[in-house]
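*Asks:* Given chain E's structure and the hints, the job is docking chain S onto it.
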Amino acid sequence: MPPRDKPPAVVPRMKPPSRLGDQVFSIFTLCMAATVLVLILVVGWQLWSGSRMSIHQFGFHFLVSSDWDPVNDNYGALPFIFGTLVSSVLALVIAVPLSVATAIYLTELAPLWLRQPIVSLIEMLAAIPSVILGLWGIFVMVPWLRVEVLPILQRYMGWCPLFHGTIYGPCMLAGGMIIAIMIIPIITSVSREILVSVPHLQREAAYALGATRWEVTRIAVLSYAKRGIFGAIILGLGRALGETMAVTMVIGNTPQISASLFAPGYTLASVIANEFSEASDLYLQSLFEIGLVLFCVTILVNLLAQLILKTFAGATVKQ
Amino acid sequence: MILPKLMAGLFAGCLLTASAMAQLTMTGAGATFPYPMYSKWFDEYAKVDPAVRFNYQSIGSGGGQKQIIAQTVDFGASDGPMSDANLAKAPGKILHIPTVAGAVVMTYNLPGNPAIKLDGPTIANIFLGTITKWNDPAIAGQNPGVQLPDSDIIVVHRSDGSGTTYIFTDYLGKVSPTWKSSVGSNTAVRWPAGLGAKGNEGVSGQIEQTPGSFGYVELIYAAQNKLPIAQIKNAAGNYVSPTTDSVTAALASAQVPDDFRFSMTNAPGATSYPISGVTWLLVYHKQQDAEKGKKMVEFLQWALTKGEDMAAPLDYAPLPQALRDRVLKRISEIQVGG
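Chains E and S supply the protein sequences, listed in that same order. Position 137 of the first sequence, counted from 1, bears residue number 124 in the numbering used here, the numbering being contiguous throughout. Start counting at 1 in the second sequence, then tack on 18, and there's your number in the numbering used here.
Misleading hints may appear alongside valid ones.
A few chain E residues that face chain S, going by a derived Cβ cut-off under 10 Å, partial list only [claimed, not checked]:
id, residue
1, D56
2, V58
3, N61
4, E110
5, F126
6, N240
7, P251
8, E262
9, S264
10, E265
Selected chain S positions facing chain E (Cβ under 7 Å, derived; list incomplete) [claimed, not checked]:
id, residue
11, G78
12, G179
13, N204
14, R208
Worth flagging that the hints you see were computed from the coordinates, not collected in a lab. A virtual CB, placed ideally from N, CA and C, is assigned to each residue, including glycine.
For reference, chain S alone in the conformation it holds in the complex:
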């Protein structure tokens, strides 16, 4: 029979290529938000070190945390920091490595789509359902000269659990005590008002279709689809447009603790965009497999230096230099094979 021979040949062939390349596969899972950034990195890194191949599954931050705790992946990825309870479940110390930051932007559908300015409490009140009309004094007062219609504000939020919602609700909690006590922040919350739409594309599709609607999407998504974007008043009192620069500025002014678990919403700097968040890679401080651990450290060092330069063209905000240095120092402390 030809078939078994063919199969044997194929099998041998596979073995040969595998041993000739001696390729190491690093598996990771988690956040969907940085997926385009990470896949670019993995692509580029294949040219730097052809011996390593990355396999990343963007299954969501929750899944990434679960899998790194269960040690079914070599690294996890998350848009929110792990809770103390979850860290305690892990068999070893898990490091948070911030990689890039992104922003959540407010987009809308108004006649002629004028540029509008909003502050945090107003956004919170709109999402709480206490401001219901576009020509409400709270909005009109911040936008002198802008024609605002006397129509209902149709609030659109994400219906799927997402890191974007986490950043947005975290911000609302910081600027509105009512939001903090009655709704709170999470990847999904009990929304007091509005419609739920699935994914960035669902929210923006809904807003595009509905006159008078108002919602939030990721900066990357808004920038690539040329959506109207509101300027947001930051903690220093300035109205700021979301750009990779204003997000990096927010990162530079945020208080970052030594374990790198931090929230950077409502950051104090004069040019900081207030609704932004960082995303993390999760790795064990003690790497079990010496060879994989060594390669992991090399990759992280590359990502935090060369990799950061690739962020802005993809509309992700790179880390400011001072923070990069702190993270690199932490990466160098990872114990390989112990």
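Next comes chain E alone, as it looks inside the complex:
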């Protein structure tokens, strides 16, 4: 059908282009997008069906019990949920200031010749395999923590329950630090991309108003980019929750809930990696349920983050 505002006398010389390509393209991308959804559903269903016996046996108790006893077939996930959440939050506390500050330096302050080398280095950090980082953790980071860092922390901040107790070496803090190292590249790279995409006009306008460099960064750049940076942090958190190998090697693998960051802990992903190969029957089903719990925790945390993001974004608009 010819558009209304054209004179009807004009006869089109060419045939209108076929819409077939568009349709195929649209259906194709729809299918691809649906695959992701189907994959998530299949994984969830598989985990649920693999853990039916355990769900039936322990019910809700599984989530609140601290007992993990393969000899008497008694299983509870609480210490693992605790370990996963605490180590991930710890990793964010360490990684977010580092990553965001690095990203700001790279886009706003660093001399041009220095930017690309640093970006490349950070990307290289992301390419180090998890197990290599874990080995480095065992042989370099943990001894350093045990000999140099933890005793000093304990001497000056021992009044705080976070820094109480025997120093073993492998501990929740070590786990959080190794995860932090693994998520720094993600948060930094994504934040940097977002800061780079802040329009120059935005900065120039702030400068024109007489803002200092810090004020420009804070008012013009960060407030423009904060949604994106928050998204980068969520990406990092997703990785942190599921991180397995390197954490297993430094966290101490002890299913306990302790206020101290110096005490060993355990994560959901680690217990699956550790015990799956020799488990059977109810034991195996409980490990499947641990997987299901991890799956749900990840989804819940992401939903929560999106909720925060929405409120956050709403506030920005109101300003």
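*Replies:* Frame of chain E; chain S shown alone:
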């Protein structure tokens, strides 16, 4: 087009080699502990009988038992005997064929790493968390003249499920009633004390890094990495070092029932090393496939004779002659194709 022709050629080539060799592939899965031993055997056996090829996946004892029950493999392998419940799940009678034995050794990190001696109840109490200092009278009393520091014992255990943990906790259960009632034995347990580290390399790495630490690893691993090793008091009251000889001695003195499902920890002999265990191949008594069954029997007979001689250089303990004869007799009873 060249490509389809090339593919067809390759395919034909594959068929040709396959039919020319008429090779039989035996698949197996299970225990990781005897994997170096078995891969040596499969390698050597290829020279004895080039018509058979073995494909073994070391996925863990639990997996080996599951797969032999499901008949997805020709043989399974396990570091622990199958339970009655699991045997009942199998569609036929499964035989336990003991192959080699290994030991679990106690290793530590002390100033100067002196040689130390320990008995079972002391080890159990350390792992229960009731003995916490190196200069505890229970330890010092067994080690006169050894300088023991006044420092905490940092217990390191395996965090992954493993046959090594099964042997170790089985031993602790035999020497300590408290351990038996409050912890028990399995491939993974609820540890009352200490840190978990993944694999032999994780445990030994942890011990190497941490002054005052104490843990257990496989003999093979400790021997190859020259770790300090404690002498353990056996049931006869002697302190014994873990060697392939003292493990074979333990096997020779252990009570072995006719189905070969047994635990050899805390064996009674005077020279027996007490924390040791045997590993098994699992095969069906009635072999479904006549040809494969025949080859399986031939291989097992070879393994229990020539194969046993290859064990000691790899730090595995061979079976004593009397036990070998009993096992060989059982192998000869396997029914092929029925």
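*Asks:* Now tell me if each hint is right for this structure.
*Replies:* Tested hints:
Interface hint status for D56/E: upheld, as the beta-carbon distance to the closest one in chain S is roughly 4 Å, under 10 Å. With a least beta-carbon distance of about 4 Å to chain S, the hint placing V58/E at the interface is held under the 10 Å criterion. The restraint placing N61/E at the interface with chain S holds, with a minimum CB-CB distance near 8 Å, inside the 10 Å limit. For E110/E, the interface hint is violated, since its Cβ never comes within 10 Å of a Cβ in chain S; the closest pair sits about 28 Å apart.
With 10 Å as the threshold, the beta carbon of F126/E comes within range of chain S, its nearest partner Cβ sitting at about 7 Å, so the hint holds. Because the closest C-beta pair between N240/E and chain S is about 3 Å apart, less than 10 Å, the hint holds. Restraint check, P251/E versus chain S: the minimum CB separation of about 5 Å is within 10 Å; hint holds. With a least beta-carbon distance of about 5 Å to chain S, the hint placing E262/E at the interface is held under the 10 Å criterion.
The restraint placing S264/E at the interface with chain S holds, with a minimum CB-CB distance near 3 Å, inside the 10 Å limit. At its closest, the beta carbon of E265/E sits 3 Å from a beta carbon of chain S; the interface hint therefore holds under the 10 Å criterion. Proximity of G78/S to chain E holds as hinted, the smallest CB-CB distance being about 3 Å (cut-off 7 Å). The beta carbon of G179/S is positioned within 7 Å of a beta carbon in chain E (closest approach about 3 Å), and the interface hint is therefore held.
A cut of 7 Å between beta carbons decides the hint on N204/S: the least distance to chain E is about 5 Å, and the hint holds. Because the smallest distance between the Cβ of R208/S and any Cβ of chain E comes to about 4 Å, under 7 Å, the interface hint for this residue holds.
The structure fails hint 4 only (numbered hints given earlier).
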